[in-house]
Amino acid sequence: SQSNQNSHIRDVSINLARSLSKAGNAADALQECENLKKEGALDEEGLHVYAFSLWQHGENDLALSVAGSLAASLSSMKKASVAASICFISRLVYFISGLDAVITSIVKMPKELFQSSKVSFVMSAINALDAQNRLGLVVASTRYFLKYQEEISRMHFLIALGKLVKNESDFCLDVKSGIAYLRKALHMFPNCNLI
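Counted from 1, the sequence shown has number 95 at position 95 by UniProt numbering; the numbering is strictly sequential.
Just so you know, these hints were derived from the structure itself, not from any lab. These numbers come from a predicted model, not from an experiment. Worth double-checking, as some hints may not be accurate.
To be verified - Derived Cβ-Cβ restraints for the label pairs, each shown as a range:
| no. | residue 1 | residue 2 | range |
| --- | --- | --- | --- |
| 1 | S3 | N25 | 27 to 33 Å |
| 2 | K22 | S73 | 22 to 28 Å |
| 3 | A41 | Q132 | 39 to 45 Å |
| 4 | A140 | S76 | 22 to 28 Å |
| 5 | Q149 | G68 | 33 to 39 Å |
| 6 | N25 | L129 | 14 to 20 Å |
| 7 | S7 | E34 | 17 to 23 Å |
| 8 | A41 | A84 | 16 to 22 Å |
| 9 | G68 | N6 | 42 to 48 Å |
| 10 | S73 | E34 | 37 to 43 Å |
| 11 | D43 | K118 | 16 to 22 Å |
| 12 | Q2 | G136 | 28 to 34 Å |
No residue lacks a Cβ here, since even glycine has one placed at the ideal position from N, Cα and C.
With the hints as extra help, turn the sequences into a complete structure.
Printed below as a string of structure tokens:
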């Protein structure tokens with residue numbers, strides 16, 4: 001049918017744009033995305049490639065605008081796409097605008113969409129860099145979605161790293177705080193592979 005053919009053409013165009021972008025050819029990737037946009041065929045996957053290609057091409061304001069469009073559509077996305085989109089938006093905003101901007105962006109997102117271990121890791125990594133712990137409550141609520149021992153171990157490592165960084169002075173990291181947390185985690189989870 002015609003809609004299947006259009007869907008296949010869209011998929012091929014998105015894959016072509018992604019490949020061009022990964023190869024460092026942002027200008028051609030942007031052209032593919034622009035063509036999809038004109039046809040109204042730029043879905044969330046295409047928006048990822050489009051925003052990334054804009055960023056690669058140095059068009060940061062446009063990349064942030066596309067990321068904003070993606071964020072606005074989070075509530076209507078399929079669950080599988082939500083986590084990837086939240087992680088992508090968060091990383092892109094951090095790279096372009098920094099810590100304060102990404103925290104502001106995350107705070108505006110619907111919290112009920114943060115139900116993923118992927119999202120938990122991205123939020124925790126961002127929070128580890130924030131001395132003010134502005135995402136503390138968000139991060140705590142996302143940790144319930146860690147299911148596997150390896151994920152839990154990685155999260156404990158990230159929490160310890162956050163304690164090292166957040167409590168640092170001008171001349172050294174707060175090693176005591178990080179070690180104290182690791183001891184606590186190892187006591188609670190003796191089979192954890194943190195050491």
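Here is how each hint holds up against the structure:
1. S3 <-> N25: 27 to 33 Å: 30 Å Cβ-Cβ, so the 27 to 33 Å window holds.
2. K22 <-> S73: 22 to 28 Å: Holds, at about 24 Å.
3. A41 <-> Q132: 39 to 45 Å: 42 Å Cβ-Cβ, so the 39 to 45 Å window holds.
4. A140 <-> S76: 22 to 28 Å: Cβ of A140 to Cβ of S76: about 27 Å, so the range 22 to 28 Å holds.
5. Q149 <-> G68: 33 to 39 Å: 37 Å, holds
6. N25 <-> L129: 14 to 20 Å: Given about 32 Å between the Cβ atoms, the range is violated.
7. S7 <-> E34: 17 to 23 Å: 19 Å, holds
8. A41 <-> A84: 16 to 22 Å: 19 Å, holds
9. G68 <-> N6: 42 to 48 Å: With a Cβ separation near 27 Å, G68 and N6 fall outside 42 to 48 Å, so the hint is violated.
10. S73 <-> E34: 37 to 43 Å: 19 Å, violated
11. D43 <-> K118: 16 to 22 Å: Distance hint for D43, K118 holds at roughly 19 Å.
12. Q2 <-> G136: 28 to 34 Å: 51 Å, violated
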